[in-house]
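Protein sequences, first through last, are from chains A and B.
Position one of the first sequence corresponds to residue 1 (my numbering), numbered consecutively onward.
Position one of the second sequence corresponds to residue 1 (my numbering), numbered consecutively onward.
Possibly wrong hints are sitting among the right ones.
[Unchecked claim] Here are the simulated SDA-like pairs of lysine to any residue, each with C-alpha atoms no more than 25 Å apart in a straight line: (1) B:Lys91 with A:Tyr202; (2) B:Lys337 with A:Ser196; (3) B:Lys323 with A:Pro203; (4) B:Lys323 with A:Leu315; (5) A:Lys193 with B:Gln238; (6) B:Lys292 with A:Arg316; (7) B:Lys40 with B:Leu157; (8) B:Lys323 with A:Glu231; (9) B:Lys292 with A:Asp70.
Read the hints as simulated data drawn from the structure, not as lab findings.
Remember, it's a predicted structure, so these values are computed and weren't measured experimentally.
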Amino acid sequence: MTVQTPSLPNPILQTHIEMINASIQPIVERLSHTSPFISAGLFIEDNHYKGEAGTASIVNTPVVKPEFIDFTENSVRGRRIDLSSTVLGKVFNTHESAFEISKLDPAHHITWGIYSELRPNRGAVLQLVFDRNKTHLIDEEIVRQHTMPFLNSIWASSKLLINEATQTSLADELLLNVPATPNAYILKWDVQKSTSLVTANYPLFRHYLSRFELAAEQIATHYGAEITEYEGDSQNIIIPLPPTLDRSSIEDIGIFGRTVALPFTQHLLSLHDSIAAHYPQLEPRLRACLGLGYAERATTGEVTGPVFWELAALLRNDSGDHLAINQAAQLVMKWSER
Amino acid sequence: MILMRSTDTPVYQPLPSPIIESHLKMVDATLQPLVDDLSKLPAFISAALFVKDQLYQHEASTVSIVSAPHIHTEDIAFMDSSIRKRRVDLKSTALGQTFVSHESCFAVSKMNPAHLTFGVYAEPHEQNGAVLQLAFDRKIAQHLHEEAVASIIRPYLSRIWATSSVLITESIRHESLANELFMDVPATPNSYAIKWDIVSSTELASQHYAVFRHYLRQFTSKVVEIADTYNARVTSHQGDSQDIIITIPPQIDRSNLRQVGQFGREEVLPFVQHITTLHNHIAQQYPVLSPKIRIGVGLGYTEQLQTDQTTGPVFWEIAALFKAHHLSELTFNQTAKIVLNF
């Protein structure tokens, strides 16, 4: 049985999750004997994060090889799922049950999902995952036969779960991480040795900083970027992946990075150098970090995500480079050049 | 033919415009003969011109200070650290009284009680008032008479107001004369600034992002709630930190260290203690994180920029304290320490 670690702040939610796991268990046992089954997961549409669902439960078959569940364990369990970049999203939209090759792990997984509306505008999907290399052993009729008898109890426990969740986001109450699929390039910059510059000449530093921040804001709009945070000597800027782009395609994301995010970053850096040249008393130097990751608008309105901390750490470990790029961004941009 | 392309990039003028600079020199030049004349009085220290700012309400810019040749080092130090190239907070100064009452009389300086001041108000331009303020050494000023001082300065005033008017006319083309002159914030504090952040947050976020986010939201939203009851305002929330200010209320004399210190002990310290206790209680619910908070308290001047940011040198001062005192839970800047112990 799946155990959530660490334990949830609300013990009643924990109980309902365990009930959901228990009601999925019989399906897992039956399918494990009759098909190349890997795992079953229950996903519930989130009330705050639109276009996303929270992974409420995942139960793996006991006989599966580790390489088949690595992806699920790293990218699905304990996370929200971005419905715009997954076949799960298709089930949420069409409400239809059919075999589909997984977009996130197409080499290993073929999926089958079934939708239910737990409450108006609040759907859930039970998704089953099978070994794609043994599709000849999968029969839709058998899948239905082994699934249908247990659905009522799964949906009933799921309703209890969403009724118990009283906060703005069920996913947050379940301590779910952000989706594994990126949704934006993130640029963070700050001014090196700003404390000494402020101490030496605060009004001049403020003048320079206001000029640069306002100019950064102007160019950001041209690139579809949004400044999400100003603080002291730094800005966080996100460049969301546009809806027209397939977020599950590494190549598309890489091309977008090379053609939009990187030129924007370079524009910002050169803009800074031009402005900084007008302040010879300060000689301000900028350090910037570009990352690919998931930026979320928290229930408090703040735009955040693990990638922001990753970039902050990169800035701290700065080796004097003008621009640092996180590993995910480096990989996809290089990959798309092939 | 070269085609010019219009861009969004504005034209930058990082130094005061040459026109404003020439007007400033003219103001200095018109003060000089007055200073030469007043320097015959042993108690005379300096003459300064202050112009009310159009952006920073209740503040004036120190446009010019010309001092007597015989003044003491400590007077120079005071002028350089607290008045020259700064805005002046009119609420906490004798200068402010002149701007409000428009009356000329001797008044003990609130910022430096060793000084006796005498101000003359005028409206050289309909938009902005200005005050010519003279400073005297209070210890040796007992024989000075207001009428005698007024009669010395009277012949010089029309030229001083004329050059001031030219400067103000030029300055109203801009949002703020003080900003055009690169004036620093007032030397008198207007608030207590509090900054907290979480120790080793990057590690916590990379290991347990979802739990960390949950804990952080619990804590930050509770801080916003309790801030309200202490008349504190969360001005910035970024990642694992918040900037909070508690404005010194109008009924407190900002130039009075005792009152500012008492306010700090009665309002600010209890709030900070409340944050610490609240944090410890919430942190206990997240044993997987065992998060630790560090808090910096500073007394200083905070201002709201055109970008809506609330900032001021005091925030950088606290950030520097964090760098220096990595493991300490609570740190204070020097000014806060002094007034809280006063």
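Hint consistency between B:Lys40 and B:Leu157 [alpha-carbon to alpha-carbon, up to 25 Å]: holds, 18 Å
Restraint status (C-alpha distance of B:Lys323 to A:Pro203 at most 25 Å): holds, 23 Å
Given hint A:Arg316 paired with B:Lys292 - CA-CA distance at most 25 Å: holds, 20 Å
Distance restraint between B:Lys91 and A:Tyr202, which requires alpha-carbon spacing of 25 Å or less: Distance of about 22 Å is within 25 Å: holds.
25 Å Cα cutoff - pair B:Lys292, A:Asp70: The given pair, whose Cα atoms are some 33 Å apart, is violated under the 25 Å limit.
Satisfaction of hint between A:Leu315 and B:Lys323, Cα-Cα up to 25 Å: holds, 15 Å
Given hint A:Ser196 paired with B:Lys337 - CA-CA distance at most 25 Å: holds, 22 Å
Hint consistency between B:Lys323 and A:Glu231 [alpha-carbon to alpha-carbon, up to 25 Å]: Judged against 25 Å, a Cα distance of about 17 Å means the pair holds.
Restraint check for A:Lys193 with B:Gln238, where alpha carbons must lie at most 25 Å apart: holds, 19 Å
When held up to the earlier numbered hints, the structure conflicts with hint 9 and nothing else.
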